[in-house]
Amino acid sequence: MRPWIAALLVTLLSSFPCPEAPAQETWKQAVGPWSWSFPRDHGAHPEFRTEWWYFTGNLRDAAGNRYGYQLTFFRQGVRLRASDPRNPWSLRDLYPAHFAITDARTGAFRYAEQISRAGPGLAGAAKGGLNVWNLGWSAKMEGSLIRIRAQHGGMGLELELVPRKPLVLHGDRGLSRKGPGRGQASYYYSLTDLATKGTIRTPGGGAPVSVEGASWLDREFSSNALTKDQEGWDWFSIRLSDGRELMLYFLRKKDGTVEQESSGTLVEADGRSLGLKTGEIGVEVLATWTSQRSGGRYPGRWRIRVPAAGIDLTIAPLVAEQELITEGSTGVTYWEGAVDGRGASAGSPVTCEGYVEMTGYAGSLGGQF
Amino acid sequence: MRTVTRSFLRHLYRRRSLSLLQLLGIACGVAAVVGMALSARSALSSFSQAVEFLRGKSTHTLERLAGPMDESILRQLAADPAVVSFAPVLERRLKLGNGDLVRLLGIDPFLDRAIRPELSRVPFERRTSRSFEDSIAFLTDERAVLIEAGLARTLGLATGGSVPTLKGPLRVVGSFANPSGEPLILMDIAHTQKLLGLGGRIDHVDLILDDEGGFASRWREGYRIQSKRQRQDTFGAMVGAFRLNLEALSLMALFVSVFLIYNTAMFAVVSRRRDAGILRSLGASRAEVAGAFLTEIALFGTLGGLAGSLFGFLLSRALTEVIGGTISSLYFFLRTAPMPWSWWVPAAGVAVGLGASLLGSLYPLVELTRTDPAVTLRGRSGSRGNRRRAWIVALAGAGCLIASILLLAFFSKRVYAAFIGVFGFLFGLSLLTGVIMVLAEPLLGRVLASFGGLPGRIAAGNIIRNLGRTGVAVAAFMMALSLSIGLGSMIGSFRQSLIWWMGTQLRGDLYVSNASDMEVPEGFYEEIRGIPGVGGVDTYRKAQVTYRGRAIHVAAIQAGVLQRFARFGWVEGGDGHWEAVKRGDVIVSESFARSFGASPGGVVTLEGAKGPVDLRIEGVFYDYSTEHGLVMMDRATYIALYGDRTINSIAVFIDPSEPRKRRILDDIRARAAARGLPVSTREQFHRNILEVFDSTFAVTRSMRIMAIVIAFFGITGALLTLFIERRRDFGILRALGFSTGQVARMTLLEALGMGIVSFALSSGVGTVLAVLLIRVINLRSFNWTVFYFPDWQPYAVTAATALAASLGAALYPIWKVHRTYPQMQIREE
Chain B
515 MRPWIAALLV
525 TLLSSFPCPE
535 APAQETWKQA
545 VGPWSWSFPR
555 DHGAHPEFRT
565 EWWYFTGNLR
575 DAAGNRYGYQ
585 LTFFRQGVRL
595 RASDPRNPWS
605 LRDLYPAHFA
615 ITDARTGAFR
625 YAEQISRAGP
635 GLAGAAKGGL
645 NVWNLGWSAK
655 MEGSLIRIRA
665 QHGGMGLELE
675 LVPRKPLVLH
685 GDRGLSRKGP
695 GRGQASYYYS
705 LTDLATKGTI
715 RTPGGGAPVS
725 VEGASWLDRE
735 FSSNALTKDQ
745 EGWDWFSIRL
755 SDGRELMLYF
765 LRKKDGTVEQ
775 ESSGTLVEAD
785 GRSLGLKTGE
795 IGVEVLATWT
805 SQRSGGRYPG
815 RWRIRVPAAG
825 IDLTIAPLVA
835 EQELITEGST
845 GVTYWEGAVD
855 GRGASAGSPV
865 TCEGYVEMTG
875 YAGSLGGQF
Chain E
52 MRTVTRSFLR
62 HLYRRRSLSL
72 LQLLGIACGV
82 AAVVGMALSA
92 RSALSSFSQA
102 VEFLRGKSTH
112 TLERLAGPMD
122 ESILRQLAAD
132 PAVVSFAPVL
142 ERRLKLGNGD
152 LVRLLGIDPF
162 LDRAIRPELS
172 RVPFERRTSR
182 SFEDSIAFLT
192 DERAVLIEAG
202 LARTLGLATG
212 GSVPTLKGPL
222 RVVGSFANPS
232 GEPLILMDIA
242 HTQKLLGLGG
252 RIDHVDLILD
262 DEGGFASRWR
272 EGYRIQSKRQ
282 RQDTFGAMVG
292 AFRLNLEALS
302 LMALFVSVFL
312 IYNTAMFAVV
322 SRRRDAGILR
332 SLGASRAEVA
342 GAFLTEIALF
352 GTLGGLAGSL
362 FGFLLSRALT
372 EVIGGTISSL
382 YFFLRTAPMP
392 WSWWVPAAGV
402 AVGLGASLLG
412 SLYPLVELTR
422 TDPAVTLRGR
432 SGSRGNRRRA
442 WIVALAGAGC
452 LIASILLLAF
462 FSKRVYAAFI
472 GVFGFLFGLS
482 LLTGVIMVLA
492 EPLLGRVLAS
502 FGGLPGRIAA
512 GNIIRNLGRT
522 GVAVAAFMMA
532 LSLSIGLGSM
542 IGSFRQSLIW
552 WMGTQLRGDL
562 YVSNASDMEV
572 PEGFYEEIRG
582 IPGVGGVDTY
592 RKAQVTYRGR
602 AIHVAAIQAG
612 VLQRFARFGW
622 VEGGDGHWEA
632 VKRGDVIVSE
642 SFARSFGASP
652 GGVVTLEGAK
662 GPVDLRIEGV
672 FYDYSTEHGL
682 VMMDRATYIA
692 LYGDRTINSI
702 AVFIDPSEPR
712 KRRILDDIRA
722 RAAARGLPVS
732 TREQFHRNIL
742 EVFDSTFAVT
752 RSMRIMAIVI
762 AFFGITGALL
772 TLFIERRRDF
782 GILRALGFST
792 GQVARMTLLE
802 ALGMGIVSFA
812 LSSGVGTVLA
822 VLLIRVINLR
832 SFNWTVFYFP
842 DWQPYAVTAA
852 TALAASLGAA
862 LYPIWKVHRT
872 YPQMQIREE
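Protein chains in written order, with the working numbering: chain B, 515 to 883; chain E, 52 to 880.
Hints may be right or wrong, so weigh each one.
As the list claims (entries may be wrong) - Some chain B residues well away from chain E (every beta-carbon gap over 10 Å; in silico):
1. G635
2. G650
3. T771
4. G789
5. G824
Stated by the list, open to error - Chain B regions said to be covered by chain E (calculated; three or more residues, Cβ under 8 Å):
6. 584-597
7. 603-609
8. 778-787
Since the hints were derived computationally from the structure, they do not count as laboratory data.
Heads up, the beta-carbon is just placed ideally off N, CA and C, and yes, glycines get one too.
Given these sequences and hints, build the entire structure.
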C-alpha cells in the first residue's frame, strides 16, 4: 500500500508555519512555563497542534516469560475550527494510534496502526482528564487508576496502571526544549513508574495471559517542536532495579551533531527528579541492526553513562526486530522496543529494563514534529 | 482427390458473387450469435465488477432492514471484537446538470483505507504543486468531490473545475480511475450528509469480520448482515430474469443463424449437383467428391466464422452499451465496458460457422453421394421426390410440435423448459413449411398469375418444384419474420399494458423526485400538504428487503390518499381494499403473489426492526414496477415496522374542483426547486417511464433487425441458386419466345412469391409466438401478466420488410437475367 496517509500528514506537519497557511489560524506555541494542573492536563490541549499519550511497559507472566507493549494515542490538529462544528465528521483533528506487542520468548513482534477523525464517537481525547480513545482502543483514568485496552487481529491487551511515584515534569518545569528557536519546545511530563496488572494476548498465542510489571506514560503537547535541520531523535526510558528511572533524549541533526537542547531526567527512588544536560550524559553505540523491511540502520546496543549519578549501563533490545512502519497512520518509520540491561547505579550493581525509541533512521523527520 | 478439390475451389472463384453471398450469409449468422452472446456477457460482467469494486475488500455489509441508519452505531462497531475494519457509506444517485444520474459515494477516507484502499487514498495522493489548503480540500471543502476519470473526460472537467448538479455545483479536486468503468463521484462523508440533508445518517457499513457467527448473534435484531457471497447472490437474482432474457435472445440469434448457415451450406451442395455428377462420370470416386465438398464447406465455415466473429465483436461493442443502458435504468447505474478482444472469439465464431455448415451440408451430401451420377447430371432431383420428402419432414415437424406442446403444458413453470418449448414449437412449425407450400401451390399460382400472368404461374411452379431449396429459404425467412412479428406484438402489448398500469397507479398532478434512492425531506411533505387547494399528497417510499431469502421490495404509500385519487388495477377485488390497508393490512403485487404463492387472506411475515411481523394480505394488484415482488402498505404501518421515515418521492393531487390548480402547481414547483428537488408532471413522469421501457427493449429490437438481415441473405442466396440452376430452363424459355422482361418479371415474382408465402406463414406463427412470449415466457420470467393487445403495426412493418427484402433479394438475379438471358441458348439438348 502506498503511504497515502503519510503524504497527508507530511503535508500537514511540514506546512506550519508557512507563508501560505491562513493567517487567522495559529496554534498555541510552547513558550514560557505552563501552569500545570492535574487531572486537567492529563486531558487534551486542542489549542496545540500535536499531542500524544505514550504508554510503554515491560511485563512478565506467571511462568516468567517477558513481554513488552506500546500503546500510543496521537492527536494531530488539522485546523483550529471545524467548518461545521455540529457535524462530528467535520474535520478538526486527526487521531492516529499505534499498538505493538513484543513476546521475548518467541521473539515475535507485532504492531497495528489506526487513524480516524472524531466522527460520531470514533476517536477523541477528552479535555479535563485522561480519556482518549481510538476505534476501540482506549486509555482512561478513574481516580488514580488508568485502564488501557487495545485489540487488533489476534493480539490485545487489557491493563490497569497505578502510579507508584508522583509525575515528573521534564526540562524547565515541564517546558522541554527541542531547539534553539522560539516555540521549538514541547510541554512534557511523564508517569515513570506505573504498577501494571492485567492480561495480554500475543498474536498466535491464543488465550489471554495474566501479566504484571511496570509501565511508563509520556505526555507531550506542542505545535512545532522539530526544526528542519534535525533528522530524528533517540529516546530512552529506563527503570533501574534500585528504584531509579532515567529518561534521556537526543535530537540528532543532519550534520551528525547532537542538538544542544537535548536533555534527560533522573528520577530517584523517592520520586525526586533531577534534570540532566547533554554534557552530563554519555551514550555509546556498541552495535547496529539493519532493518530488512525499511533498510534503516539502527543502533542495536548501548552503553549509557551518567557519571554524576554513578550510572553506567549496557542495554540491548529484547528482540532486534521492533520496527514500526506506519504508512497507514502517521507515515513515520521508527523503532520502538523493549530493552533490558545491567550495570551499576550509585556504585551498586543493578539490572534495568525499559523502552527505547529511535526515529529518523529510515527517512528524516526534520520539521515534522 | 486433389484434382477434384482444386476444381471445386476454382469453381468458387468463378462464381464469386454466389461465393461471396454464401460467405456473407455465414458471417452474418455468426456475427449475430457472437455479438449477442458477447455483449450479454460483457454487460453482466461489468455489472458484477461494478458491484465488486464498490464493495472493495469487505467481507460483509451491515444495513438497516429498510432505510438509512443512525451513525451512532459506528461506535458500537468499533468496540465489537469481531470487527477487523469497518467503513460507513452513503450511496445515492445524484442528478447532474445534464440530466444524467451518477452514483455518489460518501465515504470516510480514513476508515475506508482497509476496505477500499484504491479509492480511499485518492484524496491524499501527492501532488507537488498543491498548496496546503488544496491538499486537504477533500476533507475541508464542503463542495469538494473526486470524480471518476471517464466521467471527467465526458464532462470535460479537470481539477479545479465545477460539476453542475441539481444540488448545486460541486468542485472537482481530483479524479481517479475506476477499473469497473462506472461513473462515480466521491465525496467526504461529512459533506455528503450535508449535501443530501442526511445529517447523522449513513446507508450501510462495509465490514471486514473475523467471526461472522459471533457478530451475527450480536447484530441480529433490526439489521441485515450480508456476506460477500449473499450479496453476489442478491445481485445475481436481481438481474436473473434479465440475464435469462439475454440468453434467450442469444439463443434466438443462434437459432436463426444456424438456420441461415445451414441454408447456405445446403445451397453450396445442391447447386453443385451437376458438377458433382460430371466429376463422378469422369471417374472421381464418391469419397473424392464428398471430400471436395467437405473441403469447400469447411473453407466457407472457417472463413465465414472468422469474418463473422470480427463483425460480431464490433457489433457487441454497440450492443453492450444498449444492454448497459437497460441495466442502468432498471437495476443499477452502470457504464459497461465491452469485452476485450480474445482469441476465443474467433475460435467460437469458427466453431459456430463450421458446425452449422457441416450440419447443413450433411443431408444433401449423403443424398448426393448415394445418387446415381446420371441423375445428378440432370441438375436437380425431381419434384415428386421433393413432395414426398416435404411430407416426411412435416411429420418430423409435427412430432417436434407435439413434444414442445407437451413440454409447455407440463413443465411450463420452469423458465428454461418454457424457452426450449417455445424454440421447439418454432422449429416444428418451420419443418411444416414445405408441406404447406406444396398445399398452397394452386393458391400461390393464382396470386402470382394475377400479378404477372404466365410468368407468375411459372414462378409459382418453380418455387414448388425446387422445394429443396426454396423450402428452407422460406422457412428461414418465415422464422425471421415470425420473430419480428412475435417480438413486435409482445413489446407493443407490454407497452399498452404499461400505459394502462400507469393510468391506474400514477395519477398525481405533480411528482416531486422520482428515483428510488433520492429523498424528499419530511418537512417538505408537510409543507406541501398544508397548501390550500391540495387535495392529497401521497408519500412513496420503496425499500429492498429480504423475504424467504430473496430480495423483494416494500413500498409505503398513503392509503387514504390513494383511495381517493388512484384507481389500482386489482387482480382480485376492487378499491374497497384500501380500508383494510389503512388499518394495517398489505396489498401485494401480482409478481409477489405468483413468486411466493400468496393470495388474499394469507399472511406475509416480514422481518421488522423489532423482530418478525405478520401482515395480512388484503389484495393483489397488477404491477410492472418490479419483477421481484412488491408488498405495499400504509406509511404508518411501514414506519411501525422499520422505523424508517424516508420518503423517496411525493405525488401531489389537486382537488378536482380547485380553480387555481395551475397557480398551486407553480407554487409547489418553485418550493421544490428551492430545495434542489426535481419535479415532473404526470405526463413527464409517464413519458420517462416509457422511455425506460423503450430503452429496455432496444436489444430486442436490434435482434429483430438482425433476424431480418439474416433472412435477407437467405432469400437472396436461394434466388441466386435457383437462377444459376435454371439456365437450362432459361434456354427453353428463350426458345419459346419469352422476352428478357418476362423472364425478369418471373424472377421477381419468384422472389415475391417466396416473400408472400413467408409472410403469410409468419403472420400465423408470429401471432402464436407473441402469445407464447406473453403468456408463457413473460409470466414465467417476470411473474406478471401482460395483456395481449392486438395491433396491426408489427404485421404491417413485417409485411413491408418482407416485401423489401424479397424485392431486394431479386435485384441481383434480375440484373444477371438482363445481362445473360439475351445470349442464352439451349446448349445441352
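Going down the list of hints, with the structure as the test:
1. G635: violated, 4 Å
2. G650: Its Cβ does come within 10 Å of chain E, the nearest being 4 Å, so this is violated.
3. T771: holds, 31 Å
4. G789: Given a closest Cβ separation of 37 Å, the condition holds.
5. G824: holds, 49 Å
6. 584-597: holds (count 3)
7. 603-609: Contact hint for the segment 603-609 of chain B vs chain E: holds, 4 residues under 8 Å.
8. 778-787: violated (count 0)
Of the numbered hints given earlier, the model fails hints 1, 2, 8; all others are met.
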